[in-house]
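Q: So the chains spell out like this:
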Amino acid sequence: MKQILLSILIVLILSGCYQNLGAVTNKIQGESPVVSSMSNSQEYSISYSDLQKGASFVSNRESFVFLPELYSLINRKKNKVRVTSNIAKIQNEKSATLFQKKGGFGIYKTGAGVENQFMTAQSVLNLTLYPVVLNTRTNQLGIVVGNISVILIDMNDAETIASELDLNVKKKYDHLKTVYFKIREGQDIISLHQSLINDTRIKSASIKVLENFNVPH
Amino acid sequence: MSNADADDLTDYQWHLNNTGQSAFASENGSSGEDINQAATYADRITGNGVIVAVVDTGLEIAHSDLNANVVSGESWDFWNLDSNPTNNFDDDGDHGTSVAGIIAAEDNSIGGRGIAPNASLKGFNFINSAQDEQIEALGGSDGSDGKSPKSNDVDIFNMSYGTSNTSSALIDTDLKTHLKWAVNNLRSNKGAIYVKSAGNGFEDFGTNSNQDNAECANANDKGISCQNVNMDPTSATPWMINVGALNADGKRSSYSTAGSGLWISAPGGEYGYDQTYGWSRDYPITSFQPAIITTDQSGCDKGYSSTVDALYPNSAPGNRLQDNSNGLNGGCNFTSTFNGTSSAAPVVSGGIALMLEANPSLTWRDVKHILASTARKVDGSHTGVSVNLADGAYQANLGWVENSASYNYHNWYGFGALNVDAAVTMAKGYSSGWGAQTTADASTDVNATIPNDHKDGITDQLTITTSLTIEAVQVDITVSHNNIGNIGVELESPNGTASILFNILNGFEDSIDLDTMALISNAFYGEDSSGDWTLKVVDGSSDNAGGTLDWWKITIYGH
Numbered sequence: 723m724k725q726i727l728l729s730i731l732i733v734l735i736l737s738g739c740y741q742n743l744g745a746v747t748n749k750i751q752g753e754s755p756v757v758s759s760m761s762n763s764q765e766y767s768i769s770y771s772d773l774q775k776g777a778s779f780v781s782n783r784e785s786f787v788f789l790p791e792l793y794s795l796i797n798r799k800k801n802k803v804r805v806t807s808n809i810a811k812i813q814n815e816k817s818a819t820l821f822q823k824k825g826g827f828g829i830y831k832t833g834a835g836v837e838n839q840f841m842t843a844q845s846v847l848n849l850t851l852y853p854v855v856l857n858t859r860t861n862q863l864g865i866v867v868g869n870i871s872v873i874l875i876d877m878n879d880a881e882t883i884a885s886e887l888d889l890n891v892k893k894k895y896d897h898l899k900t901v902y903f904k905i906r907e908g909q910d911i912i913s914l915h916q917s918l919i920n921d922t923r924i925k926s927a928s929i930k931v932l933e934n935f936n937v938p939h
Numbered sequence: 014m015s016n017a018d019a020d021d022l023t024d025y026q027w028h029l030n031n032t033g034q035s036a037f038a039s040e041n042g043s044s045g046e047d048i049n050q051a052a053t054y055a056d057r058i059t060g061n062g063v064i065v066a067v068v069d070t071g072l073e074i075a076h077s078d079l080n081a082n083v084v085s086g087e088s089w090d091f092w093n094l095d096s097n098p099t100n101n102f103d104d105d106g107d108h109g110t111s112v113a114g115i116i117a118a119e120d121n122s123i124g125g126r127g128i129a130p131n132a133s134l135k136g137f138n139f140i141n142s143a144q145d146e147q148i149e150a151l152g153g154s155d156g157s158d159g160k161s162p163k164s165n166d167v168d169i170f171n172m173s174y175g176t177s178n179t180s181s182a183l184i185d186t187d188l189k190t191h192l193k194w195a196v197n198n199l200r201s202n203k204g205a206i207y208v209k210s211a212g213n214g215f216e217d218f219g220t221n222s223n224q225d226n227a228e229c230a231n232a233n234d235k236g237i238s239c240q241n242v243n244m245d246p247t248s249a250t251p252w253m254i255n256v257g258a259l260n261a262d263g264k265r266s267s268y269s270t271a272g273s274g275l276w277i278s279a280p281g282g283e284y285g286y287d288q289t290y291g292w293s294r295d296y297p298i299t300s301f302q303p304a305i306i307t308t309d310q311s312g313c314d315k316g317y318s319s320t321v322d323a324l325y326p327n328s329a330p331g332n333r334l335q336d337n338s339n340g341l342n343g344g345c346n347f348t349s350t351f352n353g354t355s356s357a358a359p360v361v362s363g364g365i366a367l368m369l370e371a372n373p374s375l376t377w378r379d380v381k382h383i384l385a386s387t388a389r390k391v392d393g394s395h396t397g398v399s400v401n402l403a404d405g406a407y408q409a410n411l412g413w414v415e416n417s418a419s420y421n422y423h424n425w426y427g428f429g430a431l432n433v434d435a436a437v438t439m440a441k442g443y444s445s446g447w448g449a450q451t452t453a454d455a456s457t458d459v460n461a462t463i464p465n466d467h468k469d470g471i472t473d474q475l476t477i478t479t480s481l482t483i484e485a486v487q488v489d490i491t492v493s494h495n496n497i498g499n500i501g502v503e504l505e506s507p508n509g510t511a512s513i514l515f516n517i518l519n520g521f522e523d524s525i526d527l528d529t530m531a532l533i534s535n536a537f538y539g540e541d542s543s544g545d546w547t548l549k550v551v552d553g554s555s556d557n558a559g560g561t562l563d564w565w566k567i568t569i570y571g572h
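Protein sequences appear in the order of chains A and B. Start counting the first sequence at 723; every next residue gets the next number (this note's numbering). Start counting the second sequence at 14; every next residue gets the next number (this note's numbering).
One or more of the hints may lead you astray.
[As the list claims (entries may be wrong)] From the derived model, a few chain B residues whose C-beta atoms are all more than 10 Å from chain A:
id, residue
1, THR23
2, ASN41
3, ASP56
4, ALA143
5, SER173
6, SER210
7, GLY219
8, PRO246
9, GLY353
10, ALA358
11, THR482
12, ASP541
[What the hints assert, rightly or not] As a list, the in silico DSS-like pairs of lysine-lysine whose alpha-carbon atoms are at most 25 Å apart:
id, chain 1, residue 1, chain 2, residue 2
13, B, LYS193, A, LYS899
14, B, LYS441, A, LYS894
15, B, LYS160, B, LYS189
16, A, LYS904, B, LYS189
I should point out that these hints are in silico values taken from the structure, not numbers from a laboratory. Note that the Cβ used here is the ideal one computed from N, Cα and C, for glycine as well.
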């Protein structure tokens, strides 16, 4: 749906920001203006190479590395005031500083004085914060919400395996012989993934990464 | 009619019956450029007994022009895990509610009419979820666990969404396995039907992150699509019916993403603004060409049509229907500025619903075959786009190509415009009797340099020994290159038909390498597969980025 683009474009034109159509549309067209419309927030550029790197893993034939200085959360317009305020608190700053938008998620960088190292989901100030990874081939960010897709030899083993590893069974797809396990907050997804790979009841296991978001056309 | 409801807007809906009306925009359309539905409507074929899922941002299940068609209790909200996906967090329009109206708005005295006004609707707001529930929304769930939708009884999945990735991406392996299963098992083994929007990336990708802007200047300069249908890995599968958008003059909408993955085109419109309502003529003409009239989330305090724009209070509504200043949109429950390939896909979904009412036995492949066989050639004089490279002119976008099976194909339009009456007529009593779809493939390492700025590029051949009637051709390719935006990929069939699977000057300009990227082409439909297939890879730039064709594989889907 393209109409929001034109509305924004017209506002920019009226406000004297219009340079040329191509340049403006490249900048402003998007899936949702939620984050960019937050007060006291801004988007800035930083080289990924300057960020700390954490553990790495392979998923869907792509290689990912955790960026523990970054975290993400779902931005919904109705909550923007509370979210913005709480992010600022988390960052120990006056304002929430957006690192990048990613679908319905906002990605933020931990502020000065914050020691959190985001490699697992955490609940802070009623917000669920998810870890962020970098696809080393595409150089794009992804979000790990804590799901692991597992193809089982026998679907009847799903609950047993979940119990043994203290995982939640999020969804079972019998027709795919696949179960989605969801890790609990604080669990180490890398070691759990490795445990699943090593399990003889399992054909394959893959950490799910949200990298390319579907947006309305 | 309730005071809170609009007048009958059907006569303004140019996509149903184009009489040259403006649909509240400044410009008129061209008479006759519509979906040709009159005979089907007169026969009262209206989508009865067909379930269409709107897999989208939401669905206002109580909307006055939709509610009678919504399957009670069987939509799904992935946020609250209940059956009401009505948008309650975005005041600026609910995309899914507008998509739903194009498919199945009721045939009554208020608002517009859907293509299939008696089809049944389910809404799954997958796009607004954390996005790993796509399988549940696409037929992979029976709803028995109380935590997911009942999607496995849906006939048609409308997918007016896609990715805007700016480097090659691989389809999620779970989703790929599911889609292959669904076209073989759902609908009592006749197969689920997936209708997907091609994208709005002809001129720009719509990404707004400082980290992944697509570079479209070169494509725009030459009149080539910046985004390619094959860039979205879900689109680059043989199971999708990818839909491009047409404007009210019957030509490609300004934004409609092109590529060999397209199957068909349908009205999607332009922007629908009224120049006389406070807008300068300095804006592109497309701003003032008709858009699509459809349902909008109810109420004048929310939706695309409203008296107050919460986000952009200084901008006037697009036209006089949008704020009901013409008195035709009481309640602000309808919009006349909806557009995008998001609008075109539900037009096709609605058309397919009519085909399935006419013949519920159609398989997913029957549906694709009928659409291709009955599509109407549009913009017939378009001869493609030529670009000058160092050693001469290179045809970067082909015009209409007639293949050896007599199908016409164009990367801007697929097989052409949806032709409802012809499709429904053909559907009645049709059975292909093709049996199971089979495949044949071949692959090879190449490891050869792609010459820079050279129209002949590098070529390589693979031989398919199996004789199949082609339904789709997929090329998987690995290219090492420092600027994929330079790279074009062409394929020539044993019958001499050419198809451009990936165009030069594309929006992957800032990315490196294609890693087993899947590229689908529908241009060879109906041809025989046996013989030598020739791949050509072209570097369309003089920037000396350099690179090699490392490996490729061809897979024929057919019977």
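Q: Just checking, THR23/B versus chain A, shortest CB gap more than 10 Å?
A: Holds, since 21 Å exceeds 10 Å.
Q: Would you assess whether ALA358/B, listed as outside the interface, keeps its beta-carbon beyond 10 Å of every beta-carbon in chain A?
A: violated (8 Å)
Q: Next pair to validate is LYS160/B with LYS189/B; report whether the Cα-Cα distance is within 25 Å.
A: Within the cut-off at roughly 23 Å; holds.
Q: Can you confirm whether the C-alpha distance between LYS193/B and LYS899/A stays at or below 25 Å?
A: holds (14 Å)
Q: Please check whether the beta-carbon of SER210/B is more than 10 Å away from every beta-carbon in chain A.
A: violated (4 Å)
Q: Can we confirm that no CB of chain A comes within 10 Å of the CB of ALA143/B?
A: ALA143/B not clear of chain A: closest Cβ-Cβ about 5 Å, inside 10 Å.
Q: Checking a non-interface call: every C-beta of chain A should be farther than 10 Å from the C-beta of PRO246/B. Is that right?
A: violated (8 Å)
Q: Would the least Cβ to Cβ distance between GLY219/B and chain A come out above 10 Å?
A: violated (4 Å)
Q: Could you let me know if the closest chain A CB is still more than 10 Å away from the CB of ASP541/B?
A: holds (33 Å)
Q: Over 10 Å to the closest beta carbon of chain A is the bar; see if THR482/B clears it.
A: Check passes; 29 Å lies beyond 10 Å.
Q: Sort out whether LYS189/B lies within 25 Å of LYS904/A, counting only the CA atoms.
A: holds (21 Å)
Q: Evaluate the condition: distance from the CB of ASP56/B to the nearest CB of chain A exceeds 10 Å.
A: Given that every Cβ of chain A is farther than 10 Å from that of ASP56/B, nearest at about 32 Å, it holds.
The structure does not agree with the numbered hints 4, 5, 6, 7, 8, 9, 10, 14 stated previously, though it agrees with the rest.
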